[in-house]
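Participant: So the sequence lines, in the order shown, correspond to chains E, X, U and B. Yeah, the first sequence ends on 144 if you go by this note's numbering, and it's all consecutive. Yeah, the second sequence ends on 144 if you go by this note's numbering, and it's all consecutive. Yeah, the third sequence ends on 144 if you go by this note's numbering, and it's all consecutive. Yeah, the fourth sequence ends on 144 if you go by this note's numbering, and it's all consecutive.
Hints were generated in silico from the structure; no laboratory data involved. There may be inaccurate statements among the hints.
[Claimed, not checked] Among the chain E residues that face chain U by a calculated CB cut under 10 Å, a handful are: (1) Ser14; (2) Ser15; (3) Tyr16; (4) Ser45; (5) Ser88; (6) Thr113; (7) Leu114; (8) Val116; (9) Thr136.
Built from N, CA and C at the ideal position, the CB exists for glycine as well.
There are 4 protein chains.
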Amino acid sequence: MKLQFSISELSSYLDEVFPQVVNQYKILALEPGYAKIVQNVSFKNLRPGGTVSGPTIFTLVDIGMYILLLAHIGKEPLAVTTNCSIDFLQKPNAGEQLVADCSLLKLGRTLIVGEVLVKSSNQENLLARSTITYFRPKVTI
Amino acid sequence: MKLQFSISELSSYLDEVFPQVVNQYKILALEPGYAKIVQNVSFKNLRPGGTVSGPTIFTLVDIGMYILLLAHIGKEPLAVTTNCSIDFLQKPNAGEQLVADCSLLKLGRTLIVGEVLVKSSNQENLLARSTITYFRPKVTI
Amino acid sequence: MKLQFSISELSSYLDEVFPQVVNQYKILALEPGYAKIVQNVSFKNLRPGGTVSGPTIFTLVDIGMYILLLAHIGKEPLAVTTNCSIDFLQKPNAGEQLVADCSLLKLGRTLIVGEVLVKSSNQENLLARSTITYFRPKVTI
Amino acid sequence: MKLQFSISELSSYLDEVFPQVVNQYKILALEPGYAKIVQNVSFKNLRPGGTVSGPTIFTLVDIGMYILLLAHIGKEPLAVTTNCSIDFLQKPNAGEQLVADCSLLKLGRTLIVGEVLVKSSNQENLLARSTITYFRPKVTI
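Throw the hints in and build the complete structure from the sequences for me.
Facilitator: Laid out in structure tokens, this is it:
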């Protein structure tokens, strides 16, 4: 596994092809097979009970894995999620940032499988664990 | 399985406890064990390639199932998602609404399991299929 | 979706390439996009508490989906499972046969996704629900 | 997390309540939150193509997690699997033993969630990864 981008190159590329997520996520670390992403949590991310919503955590998982695979396969924005399973293990608290540890389990020619562990920035405990599969189309643009 | 709310009662209750999703979803049908939800798609819901993003679909699944379980268990806003698996089967097109067919598979005292089928409003084909489990806390508020 | 085999042709082919499952499963119905499979349950299929074990149900899901895809793609024995999620909804009783309703959700050139509903032959209730994905290798033998 | 059994006590208890799996699995290591299990592979575990079948790997995941939770919650044989998702990442080779690294992600009063990594005994690579949830009934026997 070899990286195709530095953190700053990858951040600029994402701003260009994925304007919807600008300023919501920051890449903290990028290594072969691994990325650490942080997300700021605001009111719109909460759900009844004042905790961070499931969709907020899913979005972090999906973006984190997308960042990780672009870092390894290069400018292939059309890679699509085919499957995701996620277990929510603890309620996050409002007002804390979420941190995602993203690791590649398989970097195949067709399928890319990764694991994302979501933690609260203030605590050691695991909030959620997810496996996510991306499909790599044959033709890149 | 018996409904605790009408569509209008449930819509009002959701507006109250879950202001984050006001005006994003509409309940089209509600029957014992079943709900149909529609979501409007806008620019923020798109991803590179111009299709609807995975997190948008996950959010529809999660909200649809939350609406369905509230309809059956009553005012228990603290029920939380514990597990979700989702398969993305086809790319949705931009500019189409998404429709979710939500069905209860199990309405247990502790665990509630549902299936959500996501379709585009303009086509017959299945875009995504998901199973989602909610945990029902013992104490309600 | 078009069938490549009749039930008896498919049963003979399975006996040939998959001797490990001979006499354990029977194909009850086969239609475009759908197969119904029955499994006999014996002592080896039970777990502590006297109910049918999870692995027995998973095996039925996997075999049922394998039969369904062979029926549609023809003699391609190397198709492999890449992902499966399964929810166990009710305990089956010992002494009952298990019946699997297997449906194709997507029959793609690379990925084949199906849903399997497992029921007890004596009851209407759903015992387990599963989504399973097979990967279709490019070269067939 | 505190262990309720030694390896030999747990092996004896399993032989007693779960005669179906006698001599098929061996507990190699047991620590708080972790167990390593090995499985012997024979002809009945193979599938078309000569590789180890998916159900064999699922069975190892299920047994490994059952062993791990009994080790932590004591004699509660009725704990049941409610959900499992599994990704098959590489084909195992015939003739190799399978090794499962089983870890507890959550040891709740009602739900117990674990992760199982399945490797071939001859190679470093990951063959499959699974998350599995057990439900703990209120009354123990």
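Participant: If a hint holds in the structure, say so; if it doesn't, say that too.
Facilitator: Tested hints:
1. Ser14: This hint is violated: Ser14 of chain E lies away from chain U, its Cβ roughly 31 Å from the closest one there, beyond 10 Å.
2. Ser15: 32 Å, violated
3. Tyr16: Nearest chain U Cβ about 27 Å off; hint violated.
4. Ser45: Hint on Ser45 of chain E: violated, closest Cβ of chain U at ~31 Å, above 10 Å.
5. Ser88: With Cβ-Cβ at 5 Å, under 10 Å, it holds.
6. Thr113: 6 Å, holds
7. Leu114: 7 Å, holds
8. Val116: Val116 of chain E check passes; min Cβ-Cβ to chain U is 8 Å, inside 10 Å.
9. Thr136: 7 Å, holds
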